[in-house]
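Novice: Protein chains in written order, with the numbering used here: chain A, 1 to 287; chain B, 1 to 271.
For the record, the hints were derived by calculation from the structure and aren't laboratory data.
Treat the hints with care, since some could be wrong.
[Claimed, not checked] Straight-line Cα separation of at most 27 Å, DSS-like style, residue types lysine-lysine; simulated pairs:
(1) K241/B - K148/B
(2) K71/B - K17/A
(3) K60/B - K241/B
(4) K105/A - K199/B
(5) K196/B - K105/A
(6) K196/B - K86/A
(7) K112/A - K151/A
(8) K141/A - K105/A
(9) K60/A - K68/B
(10) K60/A - K199/B
(11) K196/B - K112/A
(12) K17/A - K68/B
[As the list claims (entries may be wrong)] Distance ranges between label pairs, derived from CB positions:
(13) N9/A - L252/B: 52 to 58 Å
(14) A164/B - R276/A: 55 to 61 Å
(15) N27/A - G233/B: 56 to 62 Å
(16) K17/A - R234/B: 41 to 47 Å
This one's a predicted model, so the numbers in the text were calculated from it and none came from an experiment.
In this text, a Cβ means the ideal position worked out from N, Cα and C, and glycines have one as well.
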Amino acid sequence: MAPVIKTVNLTHLYGEKTLFEVTAIINVSIEIEKGEFVGIIGHTGSGKSTLIQHFNGLLKPNSGKVLLDGKDIWESRESVRSARFKVGLCFQYPEYQLFEETVYKDIAFGPKNMGLGDDEINTRVRRAAGYVGLSGEQLEKSPFDLSGGEKRRAAIAGVMAMEPEVLVLDEPTAGLDPRGRDTVLGLIKEYREQTGSTVILVSHSMDDVARLASKALVLNKSEVAMFGPVDEVFSHGRELMKMGLNVPEVTRIFMGLRDRGLPVSTSVYTCEQGRRELLRLSGEVSP
Amino acid sequence: MIRDITIGQYLPGNSVLHRLDARMKAVLTFFFIIVIFLCKNFWSLGLMIAFTLLFTAISKVPLRMMLKSLKPIFVILIFTAVLNIFYTDGGRELFGFWKLSVTDKGLYTAGFMVIRIICLITGSSLLTYTTTPTLLTDAIERLLSPLKVFKIQVNTLAMMMTLALRFIPTLIEETDRIMNAQKARGADLESGGFIKRAKALIPILIPLFVSAFRRAYELAFAMECRCYRGGEGRTRMKQMKLKARDLGAAFLVAALFCGVFFLNYRFKALI
Ligand SMILES: Nc1ncnc2c1ncn2[C@@H]1O[C@H](COP(=O)(O)OP(=O)(O)O)[C@@H](O)[C@H]1O
Ligand SMILES: [Mg+2]
Numbered sequence: 001m002a003p004v005i006k007t008v009n010l011t012h013l014y015g016e017k018t019l020f021e022v023t024a025i026i027n028v029s030i031e032i033e034k035g036e037f038v039g040i041i042g043h044t045g046s047g048k049s050t051l052i053q054h055f056n057g058l059l060k061p062n063s064g065k066v067l068l069d070g071k072d073i074w075e076s077r078e079s080v081r082s083a084r085f086k087v088g089l090c091f092q093y094p095e096y097q098l099f100e101e102t103v104y105k106d107i108a109f110g111p112k113n114m115g116l117g118d119d120e121i122n123t124r125v126r127r128a129a130g131y132v133g134l135s136g137e138q139l140e141k142s143p144f145d146l147s148g149g150e151k152r153r154a155a156i157a158g159v160m161a162m163e164p165e166v167l168v169l170d171e172p173t174a175g176l177d178p179r180g181r182d183t184v185l186g187l188i189k190e191y192r193e194q195t196g197s198t199v200i201l202v203s204h205s206m207d208d209v210a211r212l213a214s215k216a217l218v219l220n221k222s223e224v225a226m227f228g229p230v231d232e233v234f235s236h237g238r239e240l241m242k243m244g245l246n247v248p249e250v251t252r253i254f255m256g257l258r259d260r261g262l263p264v265s266t267s268v269y270t271c272e273q274g275r276r277e278l279l280r281l282s283g284e285v286s287p
Numbered sequence: 001m002i003r004d005i006t007i008g009q010y011l012p013g014n015s016v017l018h019r020l021d022a023r024m025k026a027v028l029t030f031f032f033i034i035v036i037f038l039c040k041n042f043w044s045l046g047l048m049i050a051f052t053l054l055f056t057a058i059s060k061v062p063l064r065m066m067l068k069s070l071k072p073i074f075v076i077l078i079f080t081a082v083l084n085i086f087y088t089d090g091g092r093e094l095f096g097f098w099k100l101s102v103t104d105k106g107l108y109t110a111g112f113m114v115i116r117i118i119c120l121i122t123g124s125s126l127l128t129y130t131t132t133p134t135l136l137t138d139a140i141e142r143l144l145s146p147l148k149v150f151k152i153q154v155n156t157l158a159m160m161m162t163l164a165l166r167f168i169p170t171l172i173e174e175t176d177r178i179m180n181a182q183k184a185r186g187a188d189l190e191s192g193g194f195i196k197r198a199k200a201l202i203p204i205l206i207p208l209f210v211s212a213f214r215r216a217y218e219l220a221f222a223m224e225c226r227c228y229r230g231g232e233g234r235t236r237m238k239q240m241k242l243k244a245r246d247l248g249a250a251f252l253v254a255a256l257f258c259g260v261f262f263l264n265y266r267f268k269a270l271i
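Input sequences plus hints: build the corresponding full structure.
Specialist: Here is the structure:
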């Protein structure tokens, strides 16, 4: 089966042939399979946002290709438009895109643009509101009357309501308090379990990626530095730290233990794994 | 696309023109523009062109950027040229067709006008290319400060101008972002008739206004927190002092002034 998203030598420059030319991504060739949960991590300015805007045809590559289900996005006008709906992209700080009179209408904006019937729109809006935990009462409010976290969830629902094959979220937890962060991450996880769709999560929190994703893509200075299963990527802790990225806090603890001479594995990246590793160790040390 | 809009754009650099006192630059640009309209024949106009080229060379602004600043007025240039060619009375007829006739005087006038406009745009672009918007408003504020006697709040006006200039790039960036976010939800901005397109702007304009107001409130709040309470009695972090190079520049422009007067007087006026 063809991968859902495949890029071939994707390169993008901003302001090409001007004094202000910036290379945002160079030669990115990756394949994302159906149903995978990919975390994209990298320093600010490493090209994460640029890369994901190629997945739904918002940006046109300067060279290279983007294939959706094996077909080039830029083949025709129609293929670009269908890419917009196949790949749902939720930008960073998506609450700034809210504009309608009611939350309901705002969530319905995407499905309406798809040309769906009223009944279908209604089911989709209610379903999306369910994923993000907005009540029927909140749907009738003005989006500007919601709290910060609720606004964020309403905006995410606006993308989910298009029921895209691939859901891409650009730093969905940026600027939220810890509780808001947990809520958003939880609902993304739930959404994926319920719909089984492919999810791509851009984040600079390694802990979030470690907790949720099955694969991790590391971007460094516009290039792909690593791409593989999460445990494999986090086992290269020192290289990640050299790129100025933090490894998950648990991993750092275990790297510290290892440095102090304890025979622990350093490919521990969630608390649960850490607990098991410690139990294994204590069993070893004092039987 | 929307990022291509460039208003009062500054090109970072370290030429003598960049380092000139902004007040002096503003005043000299003003005189430079006056001189352009004092030229009466091709000799003085030639001197004008020579000085324009000289200043461009000193500024080290790439010729490409200079041409770019002329691009928006290309239509105006053509229009001016055509009008002058056909609607100038008198002179020797070179050729004619239908009711129109082209005279030597018409051609001269057209050429004159086009060159004047080019010099005008080049001169004023040099000012904005080599002066940051902040310095420029600062300079304008100081130059206008005598107006205080008429109870005009020059500092407030200057602060408003500085803030407006400061937020142009921010708002352009914001527009770009919102447009992308709505496009990702399938908004179609490119097709349909006038009404459909105007309607398609609503999802972009509303968030844009909301965010502009939010930014304005935040900024006002931040300014108040740092004890801003209008311009009265504020001192400056950066003092502006005239240096030798500023006098040199003034001298150059004065020389241009005298040269143009001399050439106007020495040779016959064309128009
Ligand atoms: N619209 C733009 N115009 C010009 N340069 C841009 C634009 N967007 C991003 N860049 C530049 O491209 C590079 C990659 O940016 P981005 O993809 O936003 O990185 P990230 O999302 O990883 O922080 C940065 O150097 C940034 O300054
Ligand atoms: Mg980003």
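Novice: Look at each hint and say if it fits the structure.
Specialist: Against the structure, the hints come out as follows:
{"no.": "1", "hint": "K241/B - K148/B", "verdict": "holds (22 Å)"}
{"no.": "2", "hint": "K71/B - K17/A", "verdict": "holds (17 Å)"}
{"no.": "3", "hint": "K60/B - K241/B", "verdict": "holds (24 Å)"}
{"no.": "4", "hint": "K105/A - K199/B", "verdict": "holds (15 Å)"}
{"no.": "5", "hint": "K196/B - K105/A", "verdict": "holds (18 Å)"}
{"no.": "6", "hint": "K196/B - K86/A", "verdict": "holds (24 Å)"}
{"no.": "7", "hint": "K112/A - K151/A", "verdict": "holds (20 Å)"}
{"no.": "8", "hint": "K141/A - K105/A", "verdict": "holds (10 Å)"}
{"no.": "9", "hint": "K60/A - K68/B", "verdict": "holds (25 Å)"}
{"no.": "10", "hint": "K60/A - K199/B", "verdict": "holds (26 Å)"}
{"no.": "11", "hint": "K196/B - K112/A", "verdict": "holds (15 Å)"}
{"no.": "12", "hint": "K17/A - K68/B", "verdict": "holds (14 Å)"}
{"no.": "13", "hint": "N9/A - L252/B: 52 to 58 Å", "verdict": "holds (53 Å)"}
{"no.": "14", "hint": "A164/B - R276/A: 55 to 61 Å", "verdict": "holds (60 Å)"}
{"no.": "15", "hint": "N27/A - G233/B: 56 to 62 Å", "verdict": "holds (58 Å)"}
{"no.": "16", "hint": "K17/A - R234/B: 41 to 47 Å", "verdict": "holds (44 Å)"}
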